[in-house]
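First to last, the sequence lines map onto chains W and X. Residue numbers for the first sequence follow this note's numbering, so the first one is 303 and each next one is one higher. Residue numbers for the second sequence follow this note's numbering, so the first one is 46 and each next one is one higher.
Any given hint could be a false lead.
Listed below are the simulated SDA-like cross-link pairs for lysine to any residue, each with C-alpha atoms no more than 20 Å apart in a straight line [claimed, not checked]:
hint: 1; chain 1: W; residue 1: Lys336; chain 2: X; residue 2: Glu149
hint: 2; chain 1: W; residue 1: Lys389; chain 2: W; residue 2: Leu410
hint: 3; chain 1: W; residue 1: Lys356; chain 2: W; residue 2: Glu400
hint: 4; chain 1: W; residue 1: Lys376; chain 2: X; residue 2: Lys170
hint: 5; chain 1: W; residue 1: Lys376; chain 2: X; residue 2: Arg120
hint: 6; chain 1: W; residue 1: Lys356; chain 2: X; residue 2: Tyr158
hint: 7; chain 1: X; residue 1: Lys170; chain 2: X; residue 2: Gly112
hint: 8; chain 1: X; residue 1: Lys255; chain 2: X; residue 2: Ile222
hint: 9; chain 1: W; residue 1: Lys336; chain 2: X; residue 2: Asp152
hint: 10; chain 1: W; residue 1: Lys376; chain 2: X; residue 2: Gly112
Think of the hints as simulated: they come from the structure by calculation, not from any bench. Fair warning: this is a prediction, and the values are worked out from it, not measured in the lab.
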Amino acid sequence: MPKEALSTLTEPMYYVLLALCEPLCGIEIMARVKELSRGRLSIGPGTLYTMLAKFEDNSLISQTDERGASGKRKTYFITARGTELLKREYERLKRQAEDGRPIMEVLL
Amino acid sequence: MSRGKARKREYLSYAYTDLTAMEQHLEEMAAQGWMINSIRNGLTYTRCEPRALRFNAEIISSADPFGNEISPETRDLVSFCEEAGWRLADHSGTLYVFYNEDPEAPDIVTDDYEKLDTIRRSTAKTNRFSWIGVIVSTILLALAALLYFTGEDKSFHGLIALVFMFSWIMNVYSAIINTVISRRWLKNAEEALTEGRPIPFNDKEKVKKKNDLGKLISLLNVIMLLGIVLWALAFGGDSVKPFLVGFISAIPTVLFAFYLAKKDLSRSKIALYIILYVFALLTVIAVAALLIK
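Kindly produce the complete structure, drawing on both the sequences and the hints.
Structural data, given as structure tokens:
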């Protein structure tokens, strides 16, 4: 049975997909997410593992370099489908921020 | 607690409701120079230099709740955690304990909703097996009862039936209590997360009381079973009475154990209450036996 595509992303999911615009392994993804969020967001390896499995099931990311005798680690990267979802999410967040700007500028 | 030069054991058990308390306890032990070595059949430690370690106790839903083989999927997850500095100390069923030397490392699971969902799936699996256990022990009890009523050696078959009856009672109590407790806890945990509070894991005091209660119930039931079996052997012949007595006296015994656990009593007072209870129970059984006879 085909899996239903993820239609909305949580904040950690958004940052992980953003990080995977370049091929990275698990530990590198965690570091990159922290860097992109300027230290605000930390993702644990267990949470990341579950998230990557979900992304793979929904064909949003793909793997290369399986762990083998050479010691290479699993590397993940975003697919075309994942890139499309990321772009939609980015546009949605931009629109939300723009819609709120007139009110938030007064409040802030 | 047995003490040796290099090893120590604590007879404590931790469940999915006690993860935070378990982590704190293991961290304290590591700081005192005792490194956790095994979490099966209590906690076993080996001597080490006092270390400031962080522990994470996690429920892994892909793990086998009743075996200790690590599945390929779980092994993948463990490797993932190891790359992030979390090393596996030991595991038992679905409970996996990791440790890390880095005080700044993020927890293994940083999403509370995901953690709760994992616990929910794991407890559902365990509860299903509990009820399968009830069905199996019911079948065995029915066969034992059939043997008793159709067989010739009533003493022997009655004793067998008694043992299966006791086992059935324990299975039913265990299945009911586990199902009720897990549902109530999961509901409270969901409400906590909805209100922006953390998952309400038990603290150390609650875990200690739970362990003490568990030991109390085991002790009372062993005493009760021994008493009934000895009485059945002494009277011989028709063993239907110990059969019924075992069933009926299990109920007040467990209720009494819960009552004792709620009271804040010293060990000597608890021992006194247990002695008085056992004396009272055996007296009631003896009087009932005389009256029925």
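Problem set entry | Pair hint W:Lys389 and W:Leu410, alpha-carbon separation not exceeding 20 Å | At roughly 28 Å apart (the allowed maximum being 20 Å), W:Leu410 and W:Lys389 break the hint.
Exercise. For the pair supplied as a hint, W:Lys376 and X:Gly112, is the alpha-carbon distance within the 20 Å limit?
Worked result: violated, 28 Å
For this session: Given the hint that X:Lys255 pairs with X:Ile222, test it: the Cα-Cα distance must not exceed 20 Å.
Result: holds, 13 Å
Exercise. Straight-line Cα separation of X:Lys170 and X:Gly112 no greater than 20 Å?
Worked result: holds, 13 Å
Problem set entry | 20 Å limit on alpha-carbon distance, applied to hinted pair W:Lys356 and X:Tyr158 | Judged against 20 Å, a Cα distance of about 15 Å means the pair holds.
Problem set entry | Pairwise hint evaluation, X:Arg120 against W:Lys376, where the allowed Cα distance is 20 Å at most | holds, 14 Å
Exercise. Keeping to a limit of 20 Å between CA atoms, is the pair of W:Lys376 and X:Lys170 held or broken?
Worked result: Cα-Cα ~31 Å, so violated.
Problem set entry | Restraint status (C-alpha distance of W:Lys336 to X:Asp152 at most 20 Å) | It holds: about 14 Å lies between the C-alpha atoms, which stays within 20 Å.
Exercise. W:Lys336 and X:Glu149: Cα distance at most 20 Å?
Worked result: holds, 13 Å
Exercise. Are the Cα positions of W:Lys356 and W:Glu400 separated by 20 Å at most?
Worked result: Not OK: W:Lys356 and W:Glu400 at ~31 Å, beyond 20 Å, violated.
Consistency with the previously given hints fails for numbers 2, 3, 4 and 10, ordered from lowest to highest.
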